[in-house]
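Asker: Sequence:
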Amino acid sequence: GRNFLLPRKLAIEASANNKAVIEQMKAASVRRSAKEKTQADELAKQFDGLSVTFQRRSGEGDQLFGSVTSGDIADALEKKSFHVDRRKIQLHEPLKQIGEFDVPVKLHKDVTTHLKVVIEKESVE
Numbered sequence: 012g013r014n015f016l017l018p019r020k021l022a023i024e025a026s027a028n029n030k031a032v033i034e035q036m037k038a039a040s041v042r043r044s045a046k047e048k049t050q051a052d053e054l055a056k057q058f059d060g061l062s063v064t065f066q067r068r069s070g071e072g073d074q075l076f077g078s079v080t081s082g083d084i085a086d087a088l089e090k091k092s093f094h095v096d097r098r099k100i101q102l103h104e105p106l107k108q109i110g111e112f113d114v115p116v117k118l119h120k121d122v123t124t125h126l127k128v129v130i131e132k133e134s135v136e
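In terms of our numbering, the sequence shown has 56 at position 45, counting the first letter as 1, and numbering is strictly consecutive.
Any given hint could turn out to be false.
Here are the computed distance ranges between Cβ atoms for each label pair [stated by the list, open to error]:
no., residue 1, residue 2, range
1, R43, G77, 18 to 26 angstroms
2, E71, R43, 47 to 55 angstroms
3, K99, V41, 19 to 27 angstroms
Think of the hints as simulated: they come from the structure by calculation, not from any bench. Heads up, the beta-carbon is just placed ideally off N, CA and C, and yes, glycines get one too.
Using the sequences plus the hints, can you model the full thing?
Answerer: Here you go:
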């Protein structure tokens, strides 16, 4: 510990003063987590009834010629002024069919909401 952790500031010595600092750091962390959770709850309420629609070219059997990825969904949400990181969209594999899908969005470790994604056939002119 003295040769590696303490010189690199990866740990601090367990003294009475440092224990008080650690308690303050824990309390700040709890307050920050509670604030992030309330913000995530508010954003989840805004997601109620929200849907994102994509128009893609498709072939036989309603198979898409491409796919709709979490990045596409994040971009569509950005256009609707919702700032959600694509990694928070819990899409296990890209959507490759036409239809309606319910995609989970994990806004916080305790807050997960669902987003309706509609993929329609692109009209051929």
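Asker: Hints the structure violates: just list their numbers, smallest first.
Answerer: 1
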